[in-house]
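Engineer: Letter by letter, the chains look like this.
Number of protein chains: 2
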Amino acid sequence: MPLAIVGVGLIGGSFARALRQAGYTEKIIGVSSASSTKKALASGVIDEALSLAEAAAQADLIYLSQPIQQILTTLDVLQTDALITDAGSTKAAICDRAKKLKRGRFVGGHPMAGKESRGVEHADPDLFRNRPYVLTAREPALERWIERIGARLVILDPQEHDRLVALVSHLPQLLSTALASAIGADPEAAKVAGPAAQDLTRLALSPYEIWRDIFSTNAASIDTALANFIAKLETLRAQLRSPEMEKVFTQSAAAARTLRGDHS
Amino acid sequence: MPLAIVGVGLIGGSFARALRQAGYTEKIIGVSSASSTKKALASGVIDEALSLAEAAAQADLIYLSQPIQQILTTLDVLQTDALITDAGSTKAAICDRAKKLKRGRFVGGHPMAGKESRGVEHADPDLFRNRPYVLTAREPALERWIERIGARLVILDPQEHDRLVALVSHLPQLLSTALASAIGADPEAAKVAGPAAQDLTRLALSPYEIWRDIFSTNAASIDTALANFIAKLETLRAQLRSPEMEKVFTQSAAAARTLRGDHS
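Residue numbers (the numbering used here), protein chains in the order written: chain A, -18 to 245; chain B, -18 to 245.
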């Protein structure tokens, strides 16, 4: 089945490279800006650059790896009989919009992977390896490729996905941004900042352009995650000198080890 | 001047190694547990193991690199004419206690360095390189060695030090612990956790035994830092879908770059 990647950046390019590495032999079409398709053609990430309408007519699988708002716009105009999936960081708004598709079958997706460098020139066939890859419904053809590229398949409905990423991804981003803001507001603080402050403010380097769409399409879940986190901080504040804090540290360290795949 | 390291662990051992590398030729005495002094003697980190009283009688410089509560206890019993400094993570309680010393001169210190592995076997002569090293007062003999081991000298009074580390070190620890706790409380969350959650929960792996003393000797400053941070989160929560958020991201990214020594 020919594949069309719509939005050939880090994620779309990495998906193309990962499929090739996993034995995908069909044509890979790129639909993207002139500068991205030029780089993607030159480096062999895609075989051909086409318009969305041309690609939609040829492809059996369409992979939308644009920013969220652009995915929504693409869904508004897409006419295809292909299987369609996406790589957007929130799922409810996108899956809702996809319900309006007259033709084709849509299954939402979200590879929980990324890196600081962006653009197709940083495409990495191993970007998804050992990372969760969420699908919003079962779809054997997609599931098979997700397994072959070494990702860990997770099936979640769109609302549950958005609730969970608010907690594990959007909340960490806001904590990092808020911490950098708090430290930045104190002219003396940078003088004594060590590895802890550097670690926790690394996410604050993320560009807002990605986050605007995430906040606008997942505001309710993020609001709930923030409210719960603030309540937890208030509890810790009250327990600073209490023996309860030892339990919190022990349980949190265990949770942090689980996140690292260490179940000892 | 012979040096006595009291508490030969990662920090004390690294200070000894850093001084040696920087050209320190005098004897280095270790005062520590039998197991630590055995390892420190075998690896050449110290030249001799003595009791505190013996070391205090011989040394011209005494370096207290024990946990905070043990530093306080050592100060209660220490009798010496030497220059005394310490490496405790909070300074007001320690400097207060040192005022009761009948003899010797005390200058508080705090190297803003560390690593995940503990114990003298991980002692690293470059641990302090390019890291802030706080002294609570000017002291030319100490300042010279801090420069020679490649650290960045910062002079701060004890209260200002404690206020700043509450913000750049103790608050990040509590955020990481609270986040790991929040994620750990949701049985589905680990399934979709990616690099962001791993990054922000790394500090949550820290053992509570270090933090108990920090919380008990810096509770007021930590409480203030937490209260200010909670207020900032409430502001961000109200701004989730507002254009104000772009400014916050831009300013926070600039602050995060400053913390990395990137002033572009």
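No wet-lab data here; the hints were simulated from the structure.
A portion of the hints provided could be inaccurate.
In this list, chains with the same sequence are indistinguishable; a pair is considered to hold if it fits within one copy or across any two.
[As the list claims (entries may be wrong)] Think about it this way: if two alpha-carbon atoms lie no more than 27 Å apart in a straight line, the pair counts; the simulated DSSO-like pairs of lysine-lysine are:
1. 172 with 228
2. 83 with 228
3. 172 with 213
4. 228 with 19
5. 96 with 228
6. 228 with 81
7. 19 with 83
8. 81 with 172
Engineer: Hint by hint, which ones does this structure get wrong, listed from lowest number up?
Structural biologist: 2, 4, 6, 7 and 8
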